[in-house]
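Build out the structure end to end from the sequences listed, making use of the hints.
Protein chains in written order, with this note's numbering: chain A, 23 to 187; chain B, 775 to 1183.
FYI, nobody ran anything at the bench for these hints, they're computed from the structure.
One should not assume that every hint holds.
To be verified - Here are some chain A residues pointing at chain B (derived, C-beta under 10 Å):
(1) T24
(2) S35
(3) W39
(4) D63
(5) A65
(6) H68
(7) V92
(8) R94
(9) F101
(10) F107
(11) V108
(12) P130
As the list claims (entries may be wrong) - Restraint ranges, calculated between C-beta atoms of paired labels, are given here:
(13) A/G56 to B/Q844: 43 to 51 Å
(14) A/D73 to B/E1180: 49 to 57 Å
(15) B/G1101 to A/G44: 24 to 32 Å
(16) A/E79 to B/T984: 53 to 61 Å
(17) A/G44 to B/T984: 53 to 61 Å
(18) A/S71 to B/V843: 32 to 40 Å
(19) A/E116 to B/A923: 40 to 48 Å
What you are looking at is a predicted structure, and each value in this text was computed from that prediction instead of being measured.
Just so it is clear, CB atoms sit at the ideal spot from N, CA and C, and this is done for glycine as well.
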Amino acid sequence: MTARPLPVPDEISAPYWAAAAGHVLAIARCARCGSFALPPDQACPHCRSTDPDYAFEPVSGRGTVRSWTVIRQSGLPGFASEVPFVLVDVELAEQPELRMIGRLLDGPAALEGPAALEGPAALDGPGEPPLRLGAPVRVGFEDVAPGVAIPAFTLAAAARPGEEP
Amino acid sequence: MTGRGFTARGKVAVVGYAQSAIQRHAGRPLGAITLETARAAIADAGLTNADIDGVVTSALFPTAGSHDVQDGVSSVPATWLAERLRGAGAGAGDAPRYVAGFHGIGQIPGMVGMAVNAVASGAADNVLVYRALHNPPGKYHANTMERAAGPAQWTAPQGFFGPLAMIGLPYTEYLQRYGARREAMAAVLVEARKNGARIPWSHWYKRPLTAAEYLAAPMISDPVCRYDCDIPVDGVAAFVLTSAERAADLPHRPVYVAGYASGLPATRRLPLHWPLDDIMDVGAETARRLWESSGVGPDEVDLPQLYDGFSPFVYFWLEALGFCPRGEAHRFVQDGRIDSDRPDALPVLSGGGALGNGRMHGIPQMLECYLQLSGRAGDRQRVGATVGLACHSSPHYGGAVVYTAEPRR
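Here it is as C-alpha cells:
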C-alpha cells in the first residue's frame, strides 16, 4: 500500500511537527504582535514583521466547523484506501479567523442523522446531522509513520450553558 | 470620476482572433498548435507576423498533478512563441520588442491587462495575446508526492489537495449558509452546455446536458460532482490587440477595452484555502475596481460572461458583480433568467463558458465578448449588445475585463 505524503519539517515548522508527534497542537505565535499564524509565513500575517520569531504554543485544540467537503477521489498517494473521507475547515477557538483544515475522523457518517454515530456527538438533537456549520470539534491525531502524527479533528459535544466543554 | 480612472480606456482594441479545436487530446505538440493559432489570429487581424512586436501570455499549466512542465508540450511561454513567430531568415533585430508573461491567478484578465498596458504605453504597437492549455496523459491531478515540503506540508499530509477540494469547501459554505440546494446548479450546467453545443470548436459541440444527467453524475468532492468541473483539454486561442487608431484601418470591427481589474486578498490562508467570505468580500473590491477602471456600471453590461471553471464561480461572480444580492444567485439562475435565448434574460454563459467548451480558462468568456461585439458571432449573433464583461477565476484572486463596441472615454 502506498504511503501518504509525510510533512517535511523546515526551519520554521519543525516545532509544530515535533509537538504533533506527541499529539499536541502547537500553533506559531508571533513574538512581535502575539498573534497566532497558520501557516507561519516568512512575514507575520498580522503585523507583517519579517522577524516574527515564532514560538509554538500549545492551544486548546477546540474549534468550530466553518465548512467541509467529502473527498471521493484523491489525487494523492495513500488516500485511495481512505476515500470517502471528510475534510473540515475549522476556526480554532484561540483567535478569530485562525483557520485550519484537516480530516474529520468521524467520517461521512457525521453527515447522516445522529443515529449513525456513537459517542457524544449522538447526543445532539434528533434529525440534524452532527456535522453542520458551527459544530464544535476537537483536534485529534493520526499516527501515519514512526514519529509522525498529522493533526485532524473529531466532533465534540456541544457545551451546555455555563459548562466548560 | 477623478484620479483612479483608467487613462487607456477605449484606446486599445481587439482586432482579430483564432481559436483551435478544443479536444481531449490533440495528438500534436501544443507548441505547434499554438504557433498555427497565433499565425491565424495575426492573419485574421489583417496583419503579418512582422507587424507583431509584442507577445504576451500566461503560461501556467494548471495541474496539481506530477506532470512535467515542458515548454512547447505542456506549456507555451511567451518567449517560446516569440522565438518561433518570425519567418525564416529573420534576425535578432526582428524579434518582438515586448515579450512578457502574467504570473498570477486570473490569467486571462491578467495577460490582457499587460497587453493593453504595452499598447497604451507604446512598448509595443501590435500585441499577440494567447493562452495554450494542455491535457496531459493520465489523471489530470494525480500526484505521486511522498513528502510534502514548504506550503504543501500544511495541507497534503492532511488530505487537503487540489482544486476540487478547494472549491468544495466554499461551495458547502454557500449551500449551508443560504439554504441552497445543489439541484439549483443544474440550471447553470444546462445553460453552459446548451451554448457550448452550438460552438463548432467546443469539446462539447452538439452535446448538450440535461438536468437529469447533471444530477446523476458521480460526486468527486461533495458537493462538487463531475459536471461542476470543466473538462481538461488541449486547446489554444489567440487575439491581436492594437491601438484604436491603427484598429480603424484593419478589416474587422474593433472591440475596445474599457478597463480591467483583478483582486488580491489581504488575509493569508493555507494553500488553496478559499473561504466564502474571502471570495465575496475581496470580490466586492474587485468589482468596485472594475467599474472604476472601465467607467461602466453593472446595469450597462449586456454580456456578462461569468467564469465557470467550477460551477459555483457563476454564483460568486453574479453576486460579486452586483447582478443579484449575496445568497440569491442560486435562485437568480432559475426559471430561464440566464437563458441566452430569452431576450429578457441575463446571458451570463452565452459563449458556453469553460463548462460548455472545455478547460480553456477564461478564453470562452473573452472570445464571446469579442465575437458578439465585433458582429462576428455568425448564427449566434446577438442584436444590440454593446458592452461585454469577461471574468476569469475567482472574484477574490481573479479578475475581469470590460469590452465595448464603441470606444469609451
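Results for each hint:
1. T24: 9 Å, holds
2. S35: 6 Å, holds
3. W39: 8 Å, holds
4. D63: 6 Å, holds
5. A65: 9 Å, holds
6. H68: 9 Å, holds
7. V92: 4 Å, holds
8. R94: Interface hint status for A/R94: holds (5 Å vs cutoff 10 Å).
9. F101: Interface hint status for A/F101: holds (5 Å vs cutoff 10 Å).
10. F107: 6 Å, holds
11. V108: 9 Å, holds
12. P130: 9 Å, holds
13. A/G56 to B/Q844: 43 to 51 Å: 47 Å, holds
14. A/D73 to B/E1180: 49 to 57 Å: The hinted range 49 to 57 Å holds for A/D73 and B/E1180, with Cβ atoms some 54 Å apart.
15. B/G1101 to A/G44: 24 to 32 Å: 43 Å, violated
16. A/E79 to B/T984: 53 to 61 Å: 54 Å, holds
17. A/G44 to B/T984: 53 to 61 Å: 54 Å Cβ-Cβ, so the 53 to 61 Å window holds.
18. A/S71 to B/V843: 32 to 40 Å: 34 Å, holds
19. A/E116 to B/A923: 40 to 48 Å: 26 Å, violated
Violated hints for the displayed structure, listed by number in ascending order: 15 and 19.
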